[in-house]
Structures are given as structure tokens and as C-alpha cells.
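2 protein chains.
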Amino acid sequence: MHTIKGERLWDSLMAMAEIGPTERGGSSRLALSEEDRQGRELFSGWCEAAGMTLSVDRIGNLFARRPGRTDAAPVVMGSHLDTQPKGGRFDGIYGVLAGLEVVRTLNDNDIQTDKPLEIAVWTNEEGARFTPAMLGSAVFTGNLELDKALATCDRDGVSVAESLDHTGYAGEQPLGRTFDAYFEAHIEQGPILEDEGLPIGVVTGGQAICWLDIHVTGVAAHAGTTPMPKRKDALFGIGQMLGTLESLADDFAPKGLVTVGQLDIARSSRNTIAADVRFTLDLRHHEDAALADMEHEARERLARIAEERGLTIDIQRHWLSPATPFDPACVNAVREAVEGLGYPYRDIVSGAGHDAIHLARHCPTAMIFIPCADGLSHNEAESATPEDVRMGADVLLNAVLQRAGYQEK
Amino acid sequence: MHTIKGERLWDSLMAMAEIGPTERGGSSRLALSEEDRQGRELFSGWCEAAGMTLSVDRIGNLFARRPGRTDAAPVVMGSHLDTQPKGGRFDGIYGVLAGLEVVRTLNDNDIQTDKPLEIAVWTNEEGARFTPAMLGSAVFTGNLELDKALATCDRDGVSVAESLDHTGYAGEQPLGRTFDAYFEAHIEQGPILEDEGLPIGVVTGGQAICWLDIHVTGVAAHAGTTPMPKRKDALFGIGQMLGTLESLADDFAPKGLVTVGQLDIARSSRNTIAADVRFTLDLRHHEDAALADMEHEARERLARIAEERGLTIDIQRHWLSPATPFDPACVNAVREAVEGLGYPYRDIVSGAGHDAIHLARHCPTAMIFIPCADGLSHNEAESATPEDVRMGADVLLNAVLQRAGYQEK
Numbered sequence: 001m002h003t004i005k006g007e008r009l010w011d012s013l014m015a016m017a018e019i020g021p022t023e024r025g026g027s028s029r030l031a032l033s034e035e036d037r038q039g040r041e042l043f044s045g046w047c048e049a050a051g052m053t054l055s056v057d058r059i060g061n062l063f064a065r066r067p068g069r070t071d072a073a074p075v076v077m078g079s080h081l082d083t084q085p086k087g088g089r090f091d092g093i094y095g096v097l098a099g100l101e102v103v104r105t106l107n108d109n110d111i112q113t114d115k116p117l118e119i120a121v122w123t124n125e126e127g128a129r130f131t132p133a134m135l136g137s138a139v140f141t142g143n144l145e146l147d148k149a150l151a152t153c154d155r156d157g158v159s160v161a162e163s164l165d166h167t168g169y170a171g172e173q174p175l176g177r178t179f180d181a182y183f184e185a186h187i188e189q190g191p192i193l194e195d196e197g198l199p200i201g202v203v204t205g206g207q208a209i210c211w212l213d214i215h216v217t218g219v220a221a222h223a224g225t226t227p228m229p230k231r232k233d234a235l236f237g238i239g240q241m242l243g244t245l246e247s248l249a250d251d252f253a254p255k256g257l258v259t260v261g262q263l264d265i266a267r268s269s270r271n272t273i274a275a276d277v278r279f280t281l282d283l284r285h286h287e288d289a290a291l292a293d294m295e296h297e298a299r300e301r302l303a304r305i306a307e308e309r310g311l312t313i314d315i316q317r318h319w320l321s322p323a324t325p326f327d328p329a330c331v332n333a334v335r336e337a338v339e340g341l342g343y344p345y346r347d348i349v350s351g352a353g354h355d356a357i358h359l360a361r362h363c364p365t366a367m368i369f370i371p372c373a374d375g376l377s378h379n380e381a382e383s384a385t386p387e388d389v390r391m392g393a394d395v396l397l398n399a400v401l402q403r404a405g406y407q408e409k
Numbered sequence: 001m002h003t004i005k006g007e008r009l010w011d012s013l014m015a016m017a018e019i020g021p022t023e024r025g026g027s028s029r030l031a032l033s034e035e036d037r038q039g040r041e042l043f044s045g046w047c048e049a050a051g052m053t054l055s056v057d058r059i060g061n062l063f064a065r066r067p068g069r070t071d072a073a074p075v076v077m078g079s080h081l082d083t084q085p086k087g088g089r090f091d092g093i094y095g096v097l098a099g100l101e102v103v104r105t106l107n108d109n110d111i112q113t114d115k116p117l118e119i120a121v122w123t124n125e126e127g128a129r130f131t132p133a134m135l136g137s138a139v140f141t142g143n144l145e146l147d148k149a150l151a152t153c154d155r156d157g158v159s160v161a162e163s164l165d166h167t168g169y170a171g172e173q174p175l176g177r178t179f180d181a182y183f184e185a186h187i188e189q190g191p192i193l194e195d196e197g198l199p200i201g202v203v204t205g206g207q208a209i210c211w212l213d214i215h216v217t218g219v220a221a222h223a224g225t226t227p228m229p230k231r232k233d234a235l236f237g238i239g240q241m242l243g244t245l246e247s248l249a250d251d252f253a254p255k256g257l258v259t260v261g262q263l264d265i266a267r268s269s270r271n272t273i274a275a276d277v278r279f280t281l282d283l284r285h286h287e288d289a290a291l292a293d294m295e296h297e298a299r300e301r302l303a304r305i306a307e308e309r310g311l312t313i314d315i316q317r318h319w320l321s322p323a324t325p326f327d328p329a330c331v332n333a334v335r336e337a338v339e340g341l342g343y344p345y346r347d348i349v350s351g352a353g354h355d356a357i358h359l360a361r362h363c364p365t366a367m368i369f370i371p372c373a374d375g376l377s378h379n380e381a382e383s384a385t386p387e388d389v390r391m392g393a394d395v396l397l398n399a400v401l402q403r404a405g406y407q408e409k
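Each protein sequence line maps, in turn, to chains Y and L. So for the first sequence, UniProt numbering puts the first residue at 1; every next one is plus one. So for the second sequence, UniProt numbering puts the first residue at 1; every next one is plus one.
The hints are simulated quantities; they were obtained by calculation from the structure and are not laboratory data. Honestly, I wouldn't trust all of these hints.
To be verified - Computed from the model, here is a short list of chain Y residues facing chain L with C-beta under 8 Å:
| hint | residue |
| --- | --- |
| 1 | 207 |
| 2 | 211 |
| 3 | 274 |
Being a predicted model, the structure only gives us computed values, none of them experimental. All residues carry an ideal CB built from backbone N, CA and C; glycine is no exception.
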């Protein structure tokens, strides 16, 4: 087993965080902004110093390449350097700089891989400036049309195409090149590893997600003159619906997740019975079939409550994203690496979206999670320990070496 | 028992509705607008034709007076002529024109009352243009300072004072004159009389109202990465709170009313656990002591749910309006009138605000309700039957005659 230099990786993470620093110790590098450009330039300089060659594709994805002994398809590591408006130092950055640290370590040890290695910096992963999130990896893998992505504008009406020109990241490299495999190291963005005191999560895939839009209609009436039995109060109906949705999560525990994040009462007034209420429902499960069951149950239960109360309900599916199982061979490469290193770990399913979810439909893919303090991300207080950062990169190094094949000089 | 001319009253109501007509058969006469001015002019012309003299006080309340045999304090009838932006033909207008019909009937029958009679048109009862509602009666009775009311502006920044000047309704008559009694006829604005098939409600008073502002705080976290047992979901907590509030209404049935009209999730997002939620609670009961019990129970139950779930809760009282019992002698005058006429009736408590609620703190007061279709008001579809309109004015006539004393020539 090989190991990286933890201090060097940590110093690179801290140096990158100096670009677009926020008051409370986080980073602000919106996609294709001047700060994002500076972050990419810093990274590019490091890659050149490590003997790598750089290229950019038409959606601004940046690739640093270290040749292999053969001209096979590359084994790719990576993630993203853009952040939320008040983001942290690790989300995305860790996956990119862990890849750089892998290359630096190979250079230190005069290791040449059989297959070429690349580090990918995907454009606009956060979705904070341009919608959708994971835009660069979606375009690269053919999950989003290039022209549509280029025409997407931020809130000031500036398009992705203009921002690429402006920052000098409108490249020419073809999209959708063949990759041998893709490995992404990332903070968990959840509390599971920290709670269980484990430094490594072997990510087996991404969970399935179903978003529903629900509209409940009652009858608006005067809060002071309408006897309770005469009311068709949409909000009291929704109170009961929230109760049954919470118990739905129990019925599908621990893999099922249920969240109502938005709720709006139209023309609301303190002394008018709520009659026109919309809310969102976010259902998640590791398995597609179980998620379908959850959706079916949710629809049945909500419709029953509405009917009992004389309310009208309309349920529309807003979005469905199937589960994304990662490649067994790549997952196994990660597991063998962590076991070989003797680090404690558990299998885990990714709850958040990642570039790796798009890549998994393009090439064999796996991810490595490390804990983050309190499960926090998208937050200036996002934090990971130097120890966990080091161990995650050790796992990445050995998984990549196994996949790429290598010779020590 | 005397009776009014139903057709004449109905024709007056329909003629008034022609000022500021809306597409769907309602009326639009915002307080102190040009339409409101025209409505007041139409009414004033009718009063002058009926031999009455007009005066206006400093907040624009309009009074039409019919002398009595003595110079005693007047027995006053009235309500308001302003409407909601898309209001109906009866809310307020009925109480004013029923008063006019009473005077017309006395003229027809050569009846002179012992005490003088007046009809009051209160300014800005609806509160749709200027806040608060019932502004004119509040100023008249000393429940709101004149200067504060005059300085109140509508959404375009036009003040009450400017609007009074503009419409010519800035009068000089002193506020707070002594009234012998005040009688207001009004549509119920609720469904009780219609449901029970009764033409008359003898209103015994106004209910007590308590408005609470409630703020529940949980922890914002990612909907995809946070296991259910780790969550502090404010909205699921509120789901349980809505359930207990609904059962609170059962515990205080049928006099207790419970309404949550507004609910807002700060920084809401479909895939973020709701952490910062505010909602309003409107509690009502006929009796002050019972309302205090309801408030106490609500606070206890909500706090218990918050504590069990590790949520923070803050409950602030926004407003408390005690119950307003009407004057027993005046209520009895109404009851004797309706019984003398042989009309079916029930005692009822007013659920909505009325000018009479302010007047009750100034002089002996009572109200008469008639049914309105489907309990609807503040709505172009507001409707009352000619029959009910007639019977309500008959009751007003006889109650006023009893209170004022009279001689037939």
C-alpha cells in the first residue's frame, strides 16, 4: 500500500481557500466567476509543476493529464472547484486536490501507471450561479445538450457561453471521451461517518429521488364566523398529511427519507381559513422499487385524507431520478484499498448529487467519502480533519493504482 | 307591531349597488374614494327627501337626523357604505338603508318618536383602503386617536385627511356625542342562520379573539444526506401541532374556533429540511375565561411538542380583544320586536368585527343579523333574500320604536 503526504494536500486545500475567502472562513467562488478563474489558474499551475498537460472542453471542463505507459483510456479522478456563494473549503475542492496529491505522490515515488491518469475539474457543479447543478459533467456525459447549457443565464442575464469566453475557458477538446474509470473523493455532506467514528465511506451508489408537487384546495372562509364543522380547512388537512408522511419514513426506515421543504398558502390572511395550499415532497430511497412503493403509499394516504375531509388534492411528479449503482469493480477497488490500508470504513449510499452520478452513466465509477463536521456543507463552517483528508486520499491513490496498473522504477 | 316596505328597501339596496358596480354583480366603493363619495351623496339625497338633516364629524362619519319630540340623546341606527375592492351589495349597506327605511316608514305612518333618531354612516369600516378596519367608529368612540387616524395612508400614500378634504367629508361635528342607544342590522357573514333556516339572529355580543404569533426553529440540513432520526424538522413538528390545535377546537366546541391562516418557511428549498417556520394562530370564544383557557392549553400543548422534538418555540401574543357583551336592554328590545312580529330567530354571537363592537363601549348597543347565502361576504357573490332583508328591517323598526318611545298622530 502506498500513502500520500497529508500535510502537502492540506496546505494545497488551505491555499485554494484563500481565493474568494469569506468572512467566516469559507470560500466564495461562483462558477466561471473571476474567483473561479483564479482557482482554476492556481490548480493549473500546480498541475504543470507536476508535469501534467492541460486541456479544456467546450463546456469549460478542465483536464490535467499524466501520461501512462500505454495509450489506453485514462483513469480519471476529480470533482469541482466552484463553491456556493458562502461555501466551504472542502466540497468539491477535496476531490480535485486529492487527485493532484495522488499525482504528486506518484512523481515522488517514480511510479508510472499503465493507463494514463487525468484529473477533471467539472464546470458549475454547485448550480448556485447557473441551473442545473452538475452542468459540466451533465454536458460531458451527454445528459444535457451543449447548446442548452451554453445558453443558460445567471440572474444578471450573463450566459454560460459568455462566461466561458470571459474567463478563457471556452475550450475545444471533444466531449464524451472514453474514460477507463472515474473516482471521486468527497466529503460526505451528512452525519453518518462522523456519528459512527469512521474515516472512510465506500460509496456504493447514489439513491433514487422522487419530487412531488402537491396542491390541496379547501374553502376560504371567515375565521370568526364559520363554525368548525362547516370548514374545509386545507391547512388542518395538511397537518394530518404531514403526520402520515412522517410515519411513511418510519415504514421505510432506515433507507427511506421524507422531506417537505416548501409550503405556501395563496392569499393567506391571519383570519381567513387556508384554502389554497401547495407543498413539495422529496422522497428518497436506495432502491428504485422501494422508492416507487413510497411514492405509491404517499399518493394513497394523502388522497385518502383529502377525501375524508372534503378537500381537493392534486399530486404531480416534478422529477424522478433513478438510483445510480456504482460499478462493482470500481467499488471493489476502493474497498480493497481501504482494507489494505487497514482503515475503518463502512459502505454508504450518496444522499447528495455529485458529478460522479453523471459519470456513472458514462464509465465505471466509484466514490470515496470522508466525514465532515456535523454533516455540514454549503456552509462556511464546513470542516474536515487533516487526518480524514489524508486517509481519504490514501484510499484514492491505491484504488487508482489498482485500476490503472503500474510499475515502480 | 309595525312593518316596513320591503320592496322600497330592496330597490334602494339595488340602486346603491349601481355605484361602483363590479363585473360579477358586486360593488366596489373603497372608503373615501370617488365611488364612496357618490354612494354617500345618493344616501344623503334620500335622507333630505325624507326630511332629515345631515352632519359630518371630523373623521367623516356622516349622520342623518330626524328630530324627536324631546331633545334627548338620539337612538342611532347605522353601519357603513364602503366596500371591499370586490365586495357585495349588503355588507354594511343593509344596516344604513334599513335605518333609512325605518325613517321612511315612520314618515308614511306619521309617527313621531320621543327621542331623536339618527342614521350613522361610519367611515372606512372595511379596512380595505385604510388600516385599521372600523376606523370611523373607533375614532368616534375614542378607541383610536383622531390625529393617528387622519395620518393613516393608503398604499398610494394618500392620507385619510387628504381623502376627507378631497371628497368634501371633513366635517366639524364633535366626536363622541352621547347616544341613547345604537342598533345595527347586518348580514351574518357566516352560515348559521341559513343552515338553521332562521331569518333573524338576535346578536348578544361579539366574541373574544386572541391572535398568537408562533415561531418554530429546527435545524436546516440536506434532505438527501440526513438520516431521519438525526433531523430536527420544524415542519413535521408543526404538522403535529396542527393536529393538536384541531383537537383543541373539539375540546372547546361549539363556541371555540381555531384557525391557522398564515405559515411561512424562511429560506425554504425543496431539498432542505425546514428549520425556521412562523405561523399565526387565531383563537376565538364567546367567553373571555374560556378563551384564556384555550390560549393556555394551546401554549402548553405546542411547547410540549416542541420539547419532545428538540425544536425551539417562541409564542407571542399579537392581539387580544375581549368579548363584547351587548346591552341587555337593547338586546331585549330586539328580542321583543322579533317575538312580537312572530319571526323565527335564534340568539347568536357575532364572529366578525362590526362598528357596533366599538359603539358597545360608548352606549347601549345591539345588533340584528339576517342570513346571507352560503355565509359569503367580502365577495361579489354576497347575497341575501328580499324576504330576509324585509324581516330584519321590521325588527329594527320595532326595536327602535320601543327604545325611542313614540306617539302615532
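We went through each hint and held it up to the structure:
no.	hint	verdict
1	207	7 Å, holds
2	211	6 Å, holds
3	274	6 Å, holds
The structure meets every hint from the earlier list without exception.
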